[in-house]
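Residue-level listing of the chains:
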Amino acid sequence: MVTRMINGEQTNTEAAATARNGVGTARTTRRTEDKRDMTVRVSATEVNFHYSDGFHALKNINMPLYDRHVTALIGPSGCGKSTFLRCLNRMNEEVDPGCKLGGKISLDGLNIYDGTVDKPELRKRVGMIFQAPNPFGMSIQDNIAFGPRLHGKYGKSELDALVKRCLEQAALWDEVKDKLKASAFSLSGGQKQRLCIARTLATNPEVILMDEPTSALDPASTQKIEEMMETLKREYTIVIVTHNMYQAERISDFTGFFYKGDLVEFGATAQIFTAPQNKQTNDYIKGKFG
Amino acid sequence: MAVTPSPAAPAKRATLSSRRSPFAALAEKTITGWIYFCGGLSILFVGLILAFVLKEALPFLREYPFGKFFTGIHWIANGSPAQFGMVPLLLSSVMVTLGAVVIAIPLGIMTAIYMSEIAPPQVRDVLKPAVELLAAIPSVVLGFFGVSVLAPFLSGAFKLDIGTTMLAGSVTLAFMAIPTIATISEDALSAVGKDLRQGSLALGATRWETIRRVVIPAAFSGIIASVMLGIGRAIGETMVVLMVTGNGIGMSLDNMMTQPLQAFRSFFPAYGEICNTLTATIASDMGDTVVGSAHYHALFMLGIVLFAITFMINLVASAALRKGQLQQ
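These protein sequence lines are chains A and B, in that order.
Under the working numbering, think of the first position of the first sequence as -18, with each following residue one higher.
Under the working numbering, think of the first position of the second sequence as 35, with each following residue one higher.
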């Protein structure tokens, strides 16, 4: 594991460098090659997390997140999976300013809790989709352009192309191409969530965190988003928190089972769901509790 | 899909009539009726006051030419003939309010942003009641402060000949409008959902970018409403302007009316001179006038003008507030 991680960090620095050189080119080469090797993009080492009220929400978590794979985090409510997710883009600090994190989380080998880390820059690279769709009260187009406008200067045609590309990636383009200037509030719940995904894609992230992205949606919208994730994982490293074990089984490559702040078991999804090593994992996926 | 009642079903109530005693039903009716009556009474009072003001104002239309009232640039109630032109009073009111608003909007909105977005919870818990307390200061106290502290200070700072000026009025009124603007804007900003803020931060926006591009736009209608209510408060305020603004028409203000094409030249100098607002005129003249005279009726006419202005401002404010609520 350790050697693999070191290798992973090296290849990833190169990958990140190509990615930064140009949006379009890097993406297309990645897409055609689709050599999803087992490099570690993000790794959590001995992570301990306390909320400001002293609650010990995560206990000694060690977990690798593999490049361009989907990792699902499952477990009963309050087990720490969402907390862990928010550690990865330092969102906990916005939710609860007094929280404390021990251990180390690194992205491409760089400690994201280092004092020199610029949180906006980190979050640009590690995007997040929330449980409830949260589009801004502006047009569909402006929602997508929000991130790009923050992070750089774009001409009108460039922005239009970017909006189109992101909406296509999020499987929303055909539904909204004639009303890009309409308010985002005019969309349905499922469309809003896909808009939020498109909005995140527009900042050109490398890792996408999804916090129960379909739990507020109907089955048809859920299916659309799951299908989209199949495509997205060729380019992005995805971490998804889900309460739906079938969803975890369908879409993820790796699964981590959290229980009461511990990472009870982590492994390939096929293995976790067919031959879990731990009795608690077995009980949870068989529906005995949770 | 036929539903057959299961034999084990609990015994059903045989009747749908009230379980309550006849006395309780009567009490219910009495209380509802009383609440209805009180609500109706307050509407009735507003209607009666409006009717009274109209009744006292309308004879003025027979006693004085309507056009001259709206366009006349002299208010000389004791002159012969008496002149009741409301332009100088309206201009004074508008300019005093404008000055107050120019000061109060940036300060009020920035206070709101600080309280809602930047201040740590402990500071905010102290600051918000403190700002609200500022709104509770009686206007006569503020007026006294204006006359004894602000007016001398401003006349020294701007090298003015007199202390009681339009500027002193604007600054004092700004103190009155700031709490309104700050607290209502703060409510609007705080009502913007956490999900929107987190969504923005998660896209790599900084805290200030989030405030500027997400929070303020989302709270915009509430902020507009707070400004309108602040304006309403300033334009309707009487005691402060009566005490602080000198109650007369200064030279520059007069120039603005006699030479409207060059009004901008006298605009800023007018702030260093005295003025006489609608509210202050009504308050100061009312004691000297004979009930039933043209002057008396003219003052009620001014009251109607003032009412129309504040009514429209409140209408805009409540429309903005409603729009904001619909968005959330």
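Note that these hints are calculated values from the structure, not bench results.
Virtual Cβ for every residue (Gly too), placed ideally from N, Cα, C.
Check each hint, because a few of them may be wrong.
Stated by the list, open to error - These stretches of chain B come out as covered by chain A in the derived footprint (C-beta under 8 Å, 3 or more residues): (1) 232 to 238; (2) 243 to 251.
What the hints assert, rightly or not - Straight line, CA to CA, 30 Å or less: simulated DSSO-like cross-link-like pairs of lysine-lysine: (3) A/Lys100 with A/Lys158; (4) A/Lys81 with A/Lys241; (5) A/Lys137 with A/Lys100; (6) A/Lys160 with B/Lys357; (7) A/Lys214 with B/Lys102; (8) B/Lys228 with A/Lys134; (9) B/Lys228 with A/Lys100; (10) A/Lys85 with A/Lys158; (11) A/Lys158 with B/Lys357; (12) B/Lys102 with A/Lys162; (13) A/Lys205 with A/Lys40; (14) A/Lys267 with A/Lys205; (15) A/Lys260 with A/Lys241; (16) A/Lys100 with A/Lys85; (17) B/Lys89 with A/Lys85; (18) A/Lys85 with A/Lys134; (19) A/Lys85 with A/Lys205; (20) A/Lys100 with A/Lys160; (21) A/Lys137 with A/Lys241; (22) B/Lys162 with A/Lys205; (23) A/Lys100 with A/Lys81; (24) A/Lys145 with A/Lys134; (25) A/Lys145 with A/Lys205; (26) A/Lys160 with B/Lys102; (27) A/Lys160 with A/Lys134; (28) A/Lys260 with A/Lys100; (29) A/Lys269 with A/Lys85; (30) B/Lys162 with B/Lys357; (31) A/Lys158 with A/Lys145; (32) B/Lys89 with B/Lys102; (33) B/Lys228 with A/Lys40; (34) B/Lys357 with A/Lys241; (35) A/Lys241 with A/Lys85; (36) A/Lys241 with A/Lys158; (37) A/Lys162 with B/Lys89; (38) A/Lys81 with B/Lys228; (39) A/Lys145 with B/Lys162; (40) A/Lys158 with A/Lys134.
Evaluated hints:
| no. | hint | in the structure |
| --- | --- | --- |
| 1 | 232 to 238 | holds (count 7) |
| 2 | 243 to 251 | holds (count 4) |
| 3 | A/Lys100 with A/Lys158 | 33 Å, violated |
| 4 | A/Lys81 with A/Lys241 | 18 Å, holds |
| 5 | A/Lys137 with A/Lys100 | 28 Å, holds |
| 6 | A/Lys160 with B/Lys357 | 23 Å, holds |
| 7 | A/Lys214 with B/Lys102 | 78 Å, violated |
| 8 | B/Lys228 with A/Lys134 | 28 Å, holds |
| 9 | B/Lys228 with A/Lys100 | 18 Å, holds |
| 10 | A/Lys85 with A/Lys158 | 43 Å, violated |
| 11 | A/Lys158 with B/Lys357 | 28 Å, holds |
| 12 | B/Lys102 with A/Lys162 | 50 Å, violated |
| 13 | A/Lys205 with A/Lys40 | 35 Å, violated |
| 14 | A/Lys267 with A/Lys205 | 26 Å, holds |
| 15 | A/Lys260 with A/Lys241 | 15 Å, holds |
| 16 | A/Lys100 with A/Lys85 | 16 Å, holds |
| 17 | B/Lys89 with A/Lys85 | 79 Å, violated |
| 18 | A/Lys85 with A/Lys134 | 34 Å, violated |
| 19 | A/Lys85 with A/Lys205 | 35 Å, violated |
| 20 | A/Lys100 with A/Lys160 | 34 Å, violated |
| 21 | A/Lys137 with A/Lys241 | 49 Å, violated |
| 22 | B/Lys162 with A/Lys205 | 47 Å, violated |
| 23 | A/Lys100 with A/Lys81 | 16 Å, holds |
| 24 | A/Lys145 with A/Lys134 | 17 Å, holds |
| 25 | A/Lys145 with A/Lys205 | 18 Å, holds |
| 26 | A/Lys160 with B/Lys102 | 54 Å, violated |
| 27 | A/Lys160 with A/Lys134 | 24 Å, holds |
| 28 | A/Lys260 with A/Lys100 | 39 Å, violated |
| 29 | A/Lys269 with A/Lys85 | 34 Å, violated |
| 30 | B/Lys162 with B/Lys357 | 25 Å, holds |
| 31 | A/Lys158 with A/Lys145 | 8 Å, holds |
| 32 | B/Lys89 with B/Lys102 | 20 Å, holds |
| 33 | B/Lys228 with A/Lys40 | 27 Å, holds |
| 34 | B/Lys357 with A/Lys241 | 44 Å, violated |
| 35 | A/Lys241 with A/Lys85 | 20 Å, holds |
| 36 | A/Lys241 with A/Lys158 | 45 Å, violated |
| 37 | A/Lys162 with B/Lys89 | 52 Å, violated |
| 38 | A/Lys81 with B/Lys228 | 21 Å, holds |
| 39 | A/Lys145 with B/Lys162 | 45 Å, violated |
| 40 | A/Lys158 with A/Lys134 | 23 Å, holds |
The structure fails hints 3, 7, 10, 12, 13, 17, 18, 19, 20, 21, 22, 26, 28, 29, 34, 36, 37 and 39 (numbered hints given earlier, in ascending order).
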